[in-house]
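Number of protein chains: 4
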Amino acid sequence: MSFNTFGQMFRVTTWGESHGPALGATVDGCPPGITLSEADIQPWLDLRRPGLNKLTTQRQEPDQVRILSGTFEGRTAGTPIQLMIENTDQRSRDYGNIAQAFRPGHADLTYHQKYGLRDHRGGGRSSARETAARVAAGGVARAALGALFPGLRITGYMVQMGTKHIDRTRFDREEIARNNFFVPDAGVVAEWEAYLHHIRTEENSSVGAVIEVVAEGVPPGLGAPVYGKLDADLAAAMMSINAVKGVEIGEGMGAAALTGVQNADEMRVGANGIEFLSNHAGGILGGISSGQPVVVRFAVKPTSSILTPRRSVNTAGEEVEVITKGRHDPCVGIRAVPVGEAMMACVLLDHVLRDRGQTGGLRGLIG
Amino acid sequence: MSFNTFGQMFRVTTWGESHGPALGATVDGCPPGITLSEADIQPWLDLRRPGLNKLTTQRQEPDQVRILSGTFEGRTAGTPIQLMIENTDQRSRDYGNIAQAFRPGHADLTYHQKYGLRDHRGGGRSSARETAARVAAGGVARAALGALFPGLRITGYMVQMGTKHIDRTRFDREEIARNNFFVPDAGVVAEWEAYLHHIRTEENSSVGAVIEVVAEGVPPGLGAPVYGKLDADLAAAMMSINAVKGVEIGEGMGAAALTGVQNADEMRVGANGIEFLSNHAGGILGGISSGQPVVVRFAVKPTSSILTPRRSVNTAGEEVEVITKGRHDPCVGIRAVPVGEAMMACVLLDHVLRDRGQTGGLRGLIG
Amino acid sequence: MSFNTFGQMFRVTTWGESHGPALGATVDGCPPGITLSEADIQPWLDLRRPGLNKLTTQRQEPDQVRILSGTFEGRTAGTPIQLMIENTDQRSRDYGNIAQAFRPGHADLTYHQKYGLRDHRGGGRSSARETAARVAAGGVARAALGALFPGLRITGYMVQMGTKHIDRTRFDREEIARNNFFVPDAGVVAEWEAYLHHIRTEENSSVGAVIEVVAEGVPPGLGAPVYGKLDADLAAAMMSINAVKGVEIGEGMGAAALTGVQNADEMRVGANGIEFLSNHAGGILGGISSGQPVVVRFAVKPTSSILTPRRSVNTAGEEVEVITKGRHDPCVGIRAVPVGEAMMACVLLDHVLRDRGQTGGLRGLIG
Amino acid sequence: MSFNTFGQMFRVTTWGESHGPALGATVDGCPPGITLSEADIQPWLDLRRPGLNKLTTQRQEPDQVRILSGTFEGRTAGTPIQLMIENTDQRSRDYGNIAQAFRPGHADLTYHQKYGLRDHRGGGRSSARETAARVAAGGVARAALGALFPGLRITGYMVQMGTKHIDRTRFDREEIARNNFFVPDAGVVAEWEAYLHHIRTEENSSVGAVIEVVAEGVPPGLGAPVYGKLDADLAAAMMSINAVKGVEIGEGMGAAALTGVQNADEMRVGANGIEFLSNHAGGILGGISSGQPVVVRFAVKPTSSILTPRRSVNTAGEEVEVITKGRHDPCVGIRAVPVGEAMMACVLLDHVLRDRGQTGGLRGLIG
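Residue numbers (my numbering), protein chains in the order written: chain V, 9 to 375; chain X, 9 to 375; chain B, 9 to 375; chain W, 9 to 375.
By construction, these hints were calculated from the structure, which means they are not laboratory data.
Incorrect hints may appear among the rest.
Stated by the list, open to error - The calculated label-pair distances, taken between Cβ atoms and stated as ranges, are:
#  : chain 1 : residue 1 : chain 2 : residue 2 : range
1  : W       : Phe179    : B       : Thr177    : 37 to 43 Å
2  : V       : Arg161    : B       : Phe157    : 35 to 41 Å
3  : B       : Lys333    : X       : Gly225    : 48 to 54 Å
4  : W       : Asp180    : X       : Gly225    : 54 to 60 Å
5  : W       : Arg176    : V       : Ala107    : 55 to 61 Å
6  : W       : Asp180    : B       : Asp175    : 37 to 43 Å
7  : B       : Phe157    : V       : Phe157    : 23 to 29 Å
8  : V       : His173    : X       : Ala107    : 41 to 47 Å
9  : W       : Val328    : V       : Phe157    : 35 to 41 Å
10 : B       : Glu81     : V       : Glu274    : 27 to 33 Å
We treat Cβ as the ideally placed atom computed from N, Cα and C, and that holds for glycine.
Chain V extracted, bound-state conformation (with noise of 0.2 Å):
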């Protein structure tokens, strides 16, 4: 029974709502022995750190992490980790107005009809900001990735925002860290820049949209068979990510117009044992990683806390008009990069221990 925690060996629960003292991730399960000290998970945060670029929420949060329990002398000891990061600015006064109306299309009316009672503040535990602890234990697993296979590397990026997409041809890995928008196309950042100036100041709105993560050098057989498919587990680990409406992996949805001759990847035999000639199955087949890239990608809708007054309903069961004041980003898809990647390295890690756990490392030898 988990509501808060995800994985299964490697075991995050987050913890905290918007506005009270400090949020956080309690991470059990970790190998002992890996190098881990706050810098390896800082920067992490940074990436996704509200206030940090004028794309995003102007909130102020310097999201510094502490690692209360878990480690000596710099090494995880195999025991529970702590991680927590203190709210220092809540500026709870911005959400008086809609502590007893509910935006259309957010949490507030579900969490009241769920809990009888919620934390308006800030969206209490339904906000992004839940995503911050996420990003920490990214930076647990991270390290105990990099430990256990040097070679494996995550990237996150945006592919789409609101109607706008990237061109894959101009593909730049290493453009992703110089722009605001994580997107690996330089082509478009000036475009998209005045497209959401446009959506946030002209229009009073937001819009969504689509970030791919990749992991380069997964090794072969992570995953099992039906509910322990990787797969299965990597569409939990997207859909529970704030405002994320939709996950695929490899050809994804578009996988339902491909025929079984288009869809095959094909194999032959290279110097390094076998090549796919394609990646249709974005590195999983049957659930079970293949060697190849694993690819997902998914859907965030645009925010629901916007200035354009929409119809809705308060707890006295009146009509009303919401606008929603306060310091939100027209897009959150953007702050979802970090957090898309954070989710990839638990489940991955989640999965490296679940395999050796259960198989010891035993790999069919091809050839």
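Chains X, B and W: place on chain V using the hints.
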């Protein structure tokens, strides 16, 4: 840790290989006192039965389910329910030619890589036959849901096959049961039959599909934050079905192209409480059901078992060409419709139990 | 959430009622590649088989186990292993007189209270027949342990029956298999037979017992802090066996009377590393195995199914007297010996897999 | 997979080392709407606080708990509750002499063996300080239980210390809070004080204890067959407490010496339904609560941190003698009393939630 189990409180563990003596599902956590016999389960199995119509595999399996435990005098006893389906038509000679070679795009390869051996007869555990066990378990879930929420209704249907889409303006629920595609649009049936015939007999190929599953009458409050999200569990459930490559909730991947103004599901107060003016969210907000219909779609890739030769390798590390004879569905998406419904039923019941466990059925009032 | 499952990574879900068509165990997470057939499991079942000797229930059950899934060509495939045992001797007429009345000290009452119905035939799910499934699962665990740790040996035996104790100075492992009590002390067999005969035929009663299970050759490092403690899992495993009321590790309850000086297991350096001068700890320190023999004891209460009338109530709320006819063991502790061994095997294998999952088999060096 | 988590639905994950900056408990699955503040938790922590009385460690820790998340306006929000206790008195210099040597009978050795490193300062994770987090979590469980079952009362006390036993004929619940031993028998206090003083100062040793925890007002129907047994979970919970070596339910190990006639808890019909004439079963039948008081006992071994030199080895593989200076309890069993109560509370609440999840609170009627 669950390699072959899904659900937390209503737990289903499926077991069995395609060509073993039997397969089935061990169902734990079902509420006691629910009226249940084989007659409540068999109809759902009949819908996905192989050999039932000319569009699916010609393997002949009666797929008769037996309840071996967990009921007493026609009602569930609160103890594990064992559902067994014997395999009767196990012509494994058909599959001999792929014992050593790996079908491109098939779990053949990754099972070999992970486990060091695989039951090549009919795909063993990776066979779509495994989904029979899910459908049987779904029958138990439906029986319990029916007792708890008589108005809850789950409906699955195809909305796309290959490059063909239904016309939603002609949506007719009654039509679903009348054709071999589970399509709600009588207008496409003839065309799709011709198309599939062509794919199979002219192209020696197969084709993908998109299935939509809708649950109406779902109470608000199911699901939980973060990793207990209803949509995260639905995503995992659908992605765990063989050959699924993408999952969408509500607007799904299309949500990326919308603005916050467009995507808001505005609310008014009607005779029965909140009335929503749209359902972009697919009935789930912040991971918790809102009372609107829960809408899930998933894409099924074309099966990799085709008659067109594809380049591959074998266990000896040699380059080969693979043709898959045997009795394979040209569109496995068709039989995925009852499987998707079953997974929806299992996930919903699991969340009903989890919710009443934690909250005791408490609900926040509006008005 | 596991109502009927034990283990985390090596997961055993037992199912089936005393008088249903069959019972069994669904085993998930077993390592692949382990040699396994019915012949590896049946001998353990034969040891606990009812009707085997004159001291136990005269119900005649061949208890033939069938492996329905999870093996291929004589080896485990890494997929769920379904173990089924058909019930053949279901003379439920014997039990008719307790359909309405509750046996004092029996689960009759609480099953009724909890589930609102119960399968009264032979105790349904609460019957000791359920332990046959555990023994079968234990056979799988033994096969895997045997492959991984050839020197690991599990030995169970009775050390007390009613008021009678063995004389540990006469301990003889070979004797265990030679008598009907699984006692390692030939000197008590005749006396115990007379004693049990008296209890059953003169007193129309039953009697309790204490069983000890020792595992030698257990590697150090199994277990984990806090709730993953090896001894906590052993305690749960043994307490989950029908009729068990107490569990001890090493000195057990007797540790309370010792001083720290007495209880210290001092260490010296021998030819093979650490040598312990005593084993008060029972092989477990801080929840983790030390390399010493793991020693567990558990007490089995006398069965409540006796021929002496006891005052009770029935479902109508009336006061009644209850006599239990039927074929009941006068000392259920005897047949609990192979069950305790099976639980030890399951717990150890589970922890082996969990440990190598987290640590990868890393071990701290000494010297 | 839960290395540091207990509970299935009410889930407690403890974290933190003895000499780290803080320790705590992450509590997931608590029912929403429960009145909860630090004031509801602190009194229980004060009971086990080190330095509180002269019989326990003189380490000075205020053990102030802070709730960092999961409540809103004084009530639980249904989201994870983070309970943090800062360590203030971390005089790690006291422990320097055991950084390399292993205390006989201590987790020093096995942590080193398993993880390859250990936080030797105060025992790190294996320290009894971890139990503060359990007590804090138990405070949350008590708050929820109090709201759900106002008549439920949990009472823990010592019944044995070393070779000394209480006289149950003098049992006085009110006495428990009046003395430093949590004993319900005023007649032994002076003797026990002299005895413990002697053990500590004359023998330079420590001593074990037996604690009994009784829960009255427990509703019938908690628990489930096989591995979800209430007593199995209680056994694991108690055995998971530091230094516990044995757990008993009701008659416990003594049940082995009874006959079925003696052990039967006969029933009559009273004004309020079933009345039991005895409680040998300790309130649990077939793993399910019967409505009688739930009675658990556990034995705590004498601490291995003593001033008498014991023979041991060190990490270099050399033979050494070990003396443990520092501030250690001569009878850790004393402070285990509130810990045992906390575990009882956590297990009961977990089973309350699990039961109402599966059964919805359905109960079989009698009469």
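Hints and how they fare:
{"no.": "1", "hint": "W:Phe179 - B:Thr177: 37 to 43 Å", "verdict": "39 Å, holds"}
{"no.": "2", "hint": "V:Arg161 - B:Phe157: 35 to 41 Å", "verdict": "37 Å, holds"}
{"no.": "3", "hint": "B:Lys333 - X:Gly225: 48 to 54 Å", "verdict": "50 Å, holds"}
{"no.": "4", "hint": "W:Asp180 - X:Gly225: 54 to 60 Å", "verdict": "57 Å, holds"}
{"no.": "5", "hint": "W:Arg176 - V:Ala107: 55 to 61 Å", "verdict": "56 Å, holds"}
{"no.": "6", "hint": "W:Asp180 - B:Asp175: 37 to 43 Å", "verdict": "41 Å, holds"}
{"no.": "7", "hint": "B:Phe157 - V:Phe157: 23 to 29 Å", "verdict": "28 Å, holds"}
{"no.": "8", "hint": "V:His173 - X:Ala107: 41 to 47 Å", "verdict": "44 Å, holds"}
{"no.": "9", "hint": "W:Val328 - V:Phe157: 35 to 41 Å", "verdict": "40 Å, holds"}
{"no.": "10", "hint": "B:Glu81 - V:Glu274: 27 to 33 Å", "verdict": "29 Å, holds"}
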